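**Q** Residue numbers (this note's numbering), protein chains in the order written: chain A, 1 to 865; chain B, 866 to 1243.
Bear in mind the hints are in silico, worked out from the structure with no lab data behind them. One or more of the hints may lead you astray.
In the SDA-like style, the derived pairs of lysine to any residue whose C-alpha atoms are separated by at most 25 angstroms in a straight line are [claimed, not checked]:
no.: 1; chain 1: A; residue 1: Lys440; chain 2: B; residue 2: Lys887
no.: 2; chain 1: A; residue 1: Lys198; chain 2: A; residue 2: Leu162
no.: 3; chain 1: B; residue 1: Lys1204; chain 2: A; residue 2: Val279
no.: 4; chain 1: B; residue 1: Lys1106; chain 2: B; residue 2: Lys1138
no.: 5; chain 1: A; residue 1: Lys434; chain 2: B; residue 2: Glu940
no.: 6; chain 1: B; residue 1: Lys887; chain 2: A; residue 2: Ser344
no.: 7; chain 1: B; residue 1: Lys1138; chain 2: B; residue 2: Asp1188
no.: 8; chain 1: B; residue 1: Lys894; chain 2: A; residue 2: Arg353
no.: 9; chain 1: A; residue 1: Lys841; chain 2: A; residue 2: Asp342
no.: 10; chain 1: A; residue 1: Lys399; chain 2: A; residue 2: Glu283
no.: 11; chain 1: B; residue 1: Lys941; chain 2: A; residue 2: Gly617
no.: 12; chain 1: B; residue 1: Lys1110; chain 2: A; residue 2: Asn319
no.: 13; chain 1: B; residue 1: Lys894; chain 2: A; residue 2: Thr361
no.: 14; chain 1: B; residue 1: Lys1106; chain 2: A; residue 2: Glu441
no.: 15; chain 1: B; residue 1: Lys880; chain 2: A; residue 2: Met857
no.: 16; chain 1: A; residue 1: Lys227; chain 2: A; residue 2: Ile269
no.: 17; chain 1: A; residue 1: Lys628; chain 2: A; residue 2: Asp640
no.: 18; chain 1: A; residue 1: Lys227; chain 2: B; residue 2: Lys880
no.: 19; chain 1: B; residue 1: Lys941; chain 2: A; residue 2: Arg353
no.: 20; chain 1: B; residue 1: Lys1117; chain 2: A; residue 2: Asn240
no.: 21; chain 1: A; residue 1: Lys746; chain 2: A; residue 2: Thr414
no.: 22; chain 1: B; residue 1: Lys939; chain 2: A; residue 2: Ile269
no.: 23; chain 1: A; residue 1: Lys532; chain 2: A; residue 2: Cys493
no.: 24; chain 1: B; residue 1: Lys1222; chain 2: A; residue 2: Ser246
no.: 25; chain 1: B; residue 1: Lys939; chain 2: A; residue 2: Leu176
no.: 26; chain 1: B; residue 1: Lys1037; chain 2: A; residue 2: Leu151
no.: 27; chain 1: A; residue 1: Lys165; chain 2: A; residue 2: Asn219
no.: 28; chain 1: A; residue 1: Lys628; chain 2: A; residue 2: Asp474
Note that this is a predicted model, so its numbers are computed, not measured.
Below, each chain spelled out in residue letters.
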Amino acid sequence: MTGRARARARGRPPGQESAVPSVGAASAQQTLPSQPPGFRQPQQPRVPPSVSGDPGSRGRQRGPQSVPQGLQISAGFQELSLADRGGRRRDFHDIGVNTRQAIEHVQESKTGSSGIMIKLTANYFRLMSRPQWALYQYHVCYNPEMEARRLRSALLFQHEELIGKTHAFDGSILFLPKKLGNKVTEVFSRTRNGEDVKITITLTNELPPTSPTCLQFYNIIFRRLLKMLNLQQIGRNYYNPGDPISIPDHRLMVWPGFTSSILQYEESIMLCTDVSYKVLRSETVLDFMYSLYYEVEEQRFRDTCAKELIGLIVLTKYNNRTYRVDDIDWEANPRCTFRKADGSEISYVDYYRRQYNQEITDLNQPVLISQSKRKRGTLMPGPVVLIPELCFLTGLTEKMRNDFNMMKDLSNHTRLPPEQRKREIGRLIDYIRKDDNVQKELRNWGLSFDSNLLSFSARVIQAEKILQSGNVFDYNPQFADWSKETRGAPLICAKPLDNWLLLYTRRNYEIANTLLQNLFKVTPSMGIRMSKATMIEVEDRTEAYLRVLQQSITPDTNIAVCVLSSSRKDKYDAIKKYLCTDCPIPSQCVLARTLSKPQTGLAIATKIALQMNCKMGGELWSVEIPLKQVMIVGIDCYHDTLSGKHSIAGFVANLNQTMTRWFSRCVVQGQGQEIVDGLKACLQTALRDWFKWNKYLPSRIIVYRDGVGDGQLHTLVNYEVPQFLDCLKSIGKDYNPRLTVIVVKKRVNTRFFAQSGGALKNPPPGTVVDVEVTRPEWYDFFIVSQAVRNGCVAPTHYNVIYDTSSLKPDHLQRLTYKLCHMYYNWAGVIRVPAPCQYAHKLAFLVGQSIHREPNLMLSDRLYYL
Amino acid sequence: MDENFEEEQFTGIIKFTPPLYKQRYQFIKDLVAKYKPKKVADLGCADCTLLWMLKFCSCIEVLAGLDICASIMKEKMHRLSPLPGDYLQPTERSLTVTLHHGSVAHKDPCMLGFDLVTCIELIEHLEQSELKKFPEVVFGFMSPSMVVISTPNSEFNPLLPGVTLFRHSDHKFEWTRAQFQSWALETARHYDYSVEFTGVGHPPKGMENVGFCTQIGVFVRKYPQASESAQFEKPTKAAYKTVFKAVYPSLKDEKYLQKAVVSEVIFTAQIIKQRLLDPLMSEHEEYNDDPTERKSKFQPSVSCFSQDLGKLVVEKGMEPFVDGNVVYIPLRTIFSFPKVNKLCGTFEKLHKLIAGKVTLSSDGSAVMFTTEHENEEN
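Input sequences plus hints: build the corresponding full structure.
**A** The structure is reproduced here in structure tokens:
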């Protein structure tokens, strides 16, 4: 970046937009040593039909400042004392992606109207500012030029009576909560050795509370407050190390903490804060490697190690940084050397001893490699080498996640019921209110937080009726589950089991036989015609299973059922891989253990029968869907953490009007390939298949896009949506369906509490929120569709980023809720529309077990359930 | 302060590697490594870089910083806070870091009892009046065992192009070696210290006569301090304002020790339990792997762990055992593990620390686990 560009980034005085900025200013920037040489240009989202600034809200802002200004200023703030470590790296909140302005029918209102009103509170606090509040941004320059930032500060603050005690200054930009008398103020300071310096303080901007720069500023100030409260930053959030929950059985430590962000929401600027728990482990990576070494045999050790460690986040002992483990270098050890910034060679042992007094005791340990994509301080991006002995593990490994008892232990601590969660959230505001320093800081800036959680009215939309083969079932909406109600009822479409295989090991003969008997008991009422299975005993080895399958499957085989004696993944993977690719027939694997309990035998057989029926193309139930000729698409992604190279996108679209049959495909994305290219192909085949089924093309397409990370919204808007449109154009000249693209987000920090009597409860399934906590620049809403037994229910966020459907918000919300009823593996309402969950299931199976695209012969069935 | 910055930037002739300021800090670190002071104070600590480096020195238990400018200290003071790792594995040593806002011309009892006081590039920033009071405050009042004072050597200045009067605009004076040494000797004599002179930043070849770029005086108190109480009788009230204080978690603190012991005991007991149950489990549950695989899978663990265990069991009769759904692991067995042993020291201490935190058998001799719910889920 040139000095000039940098000066621009730091905000230049108005009236100089086109001219070269004042020489002094530019050269001043040039010599500031703290500016990172190649800091990334802020990624300004380019929204297709973007108009500069929507009138009204940003009226008071002057000059060319709009969104980018805010981001650029934050770049300047990176070196500021008040900026937190590392500053802002990515826009996690997708600020500046203004999609609503392009959606005509929601310009006036994006709220729905149906349903019963419900009083809710949410984990939001209003940020209050004095009336007429503004943040004043000044540019400060020195004549003669002063280089050292500290000196610049010292000289400027000789005039504290003018500037006041409250300020934020990065050596060039000055923020004040008050306006100085003149637009341009000149003052003189004297250095200690008698040199007189003229300081020119020029007002460059008067920022209204809602300006993006201010939002940035609030977040910086808020982080400063969290630090004052002695909370430790780990990753994006802040944690309290003083009072950890320890789970010694697993050497886990759980630190309670908070997520926080201050953003412009529908009506006001608010702080959204939620309880967060950081799982840390009081063992180093080396400790972990040792204990692993004793658990697995020598030749599998390295692989197992890689499997367990790659993708994990480690925390270094000597500083407060987290890194993702991308690789383990077994050839290297701590005695290896590296070249320091000054060009000298030093070994890791010596470096850590000298720099941090950290003794590395095991000189034969391998090293961990972290591919850093961004700059860290003076280090250039590139691989970072870490010493296992000096790194703590954080988070859970796959093995731990699969440990039911441990997860139970953990959730006992972290899954808070609504009342308790609200209390914990309130604690942050309490901390803030009780800390004098924090209060002082806030007061000086003229800011404060509402002491009460945000309250507002939302709606609970009508419960759906479950339609199953002429029967209509009501269910208790409170539980969002109809497994009892529909038990034993005939299915919409039952696929016969005329010719099917049942594989088992000798030991499990009894179990397999019982399963068969139970299936005979439960299938008739469902309407499934069933013949006796071809029972085949196999040796309990992967190859034995595969050989038997190879020999026994005929073109008439409906399904192959395998009773597995352990949850060994390789066997499962091999069976699935074979039956999904080389020999495409539906398959059902079931653990012997699951079947071994006599009390639950029938219930399990029922579930298995339903699942098998879906896999063979059967249909279970439906809900009323008034919208006609509509194709619903669900997309979700699976990212392979192990190799870190493959991503898999699942793509699922309905084939029929009642949304009971689905077309499923997936994209296995190679390195450097964009997932969207594959999605285009998926959409094309889906439309072709739709045409085969219906003899016409859908007039509406609604895409539910899950698996979008924070900060990726603009990529979707600018790249993926145009590709979808392109693809539709390619179908036919006259084909012009209405397209709606909705981003589905399950991981949000928003929580809602329903006030019921004196207590707080989870909001009931069907709760829709499209006011207050939504964003003004988006067409978005929240739906609580599922019911949870423990803890707090997490609402799902829906963001309509493209919409030419002209569907009323109400209709779209209800359609979305209806779709959450259609997931056949769960007789109840789920968190996301069924096609998203199907897409997730498919992507997961392919990512975990199959690793390549399954045979397209299966694509009209839910074979992956 | 950063005058080395100017040196690097403007000369092109004189360039110190590593930079001079780092050499000064390294000098202090070496001194700390040699004398192992427990309490160290840095006067004029500025952005706390030296304190930050010193906090990693394991001998130091008390670190204090003092500066006349609070905002500079506050800028980066949070890096003196304990790190997550310090909480995850508390160390034996205790460490308290405190930052004070105040002047070296004032006395404050919080600066008493230190082993080492460093004044890196400090005195040249003092006004005449402050400089006058400085010896009395540092040597007379604080009277630590050792004082290190560094200051620019003005004889070196001609080698630093761009430096006209002083190296830094805030310097009130810069001394020649003779000036510094006479001040230092006089001060040392007056307060019963001995002083030795050295420096960092070697002059270029042929110019050795100008001496080090930075001159350093190391003062050592000649006589041991009179009794501690005598110090505290010195009539002074607090003159500094505390701007930062961090107490590091340490095993010396009962709270952290207990946590560490409880967690180590449970973890150890879990491992023993697992080893005990594994053979049992594989009997009634079908581990269908081919036999060769299983053998190699379990053997290393058995050999490395249970061999020691076997020895202990034979020697002292403290075998863990299963009784129905309950596994008993004798505390003695757990105590024999090096980590537990090292943390507690004595068996009695172990008993005391885990009381009420770990489920023990009725006679208190063994850790108890029920295996019930595990079987259910496996």
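**Q** Work down the list of hints and note, for each, if the structure agrees.
**A** Outcome of the hint check:
| no. | hint | verdict |
| --- | --- | --- |
| 1 | A/Lys440 to B/Lys887 | violated (37 angstroms) |
| 2 | A/Lys198 to A/Leu162 | holds (15 angstroms) |
| 3 | B/Lys1204 to A/Val279 | holds (23 angstroms) |
| 4 | B/Lys1106 to B/Lys1138 | violated (54 angstroms) |
| 5 | A/Lys434 to B/Glu940 | holds (23 angstroms) |
| 6 | B/Lys887 to A/Ser344 | holds (15 angstroms) |
| 7 | B/Lys1138 to B/Asp1188 | holds (12 angstroms) |
| 8 | B/Lys894 to A/Arg353 | holds (12 angstroms) |
| 9 | A/Lys841 to A/Asp342 | violated (51 angstroms) |
| 10 | A/Lys399 to A/Glu283 | holds (16 angstroms) |
| 11 | B/Lys941 to A/Gly617 | violated (64 angstroms) |
| 12 | B/Lys1110 to A/Asn319 | holds (19 angstroms) |
| 13 | B/Lys894 to A/Thr361 | holds (22 angstroms) |
| 14 | B/Lys1106 to A/Glu441 | holds (18 angstroms) |
| 15 | B/Lys880 to A/Met857 | violated (72 angstroms) |
| 16 | A/Lys227 to A/Ile269 | holds (22 angstroms) |
| 17 | A/Lys628 to A/Asp640 | violated (37 angstroms) |
| 18 | A/Lys227 to B/Lys880 | violated (38 angstroms) |
| 19 | B/Lys941 to A/Arg353 | holds (23 angstroms) |
| 20 | B/Lys1117 to A/Asn240 | holds (21 angstroms) |
| 21 | A/Lys746 to A/Thr414 | holds (18 angstroms) |
| 22 | B/Lys939 to A/Ile269 | violated (29 angstroms) |
| 23 | A/Lys532 to A/Cys493 | holds (20 angstroms) |
| 24 | B/Lys1222 to A/Ser246 | holds (12 angstroms) |
| 25 | B/Lys939 to A/Leu176 | holds (19 angstroms) |
| 26 | B/Lys1037 to A/Leu151 | holds (16 angstroms) |
| 27 | A/Lys165 to A/Asn219 | holds (20 angstroms) |
| 28 | A/Lys628 to A/Asp474 | holds (24 angstroms) |
Hint compliance for this structure: hints 1, 4, 9, 11, 15, 17, 18, 22 are broken, all remaining hints hold.
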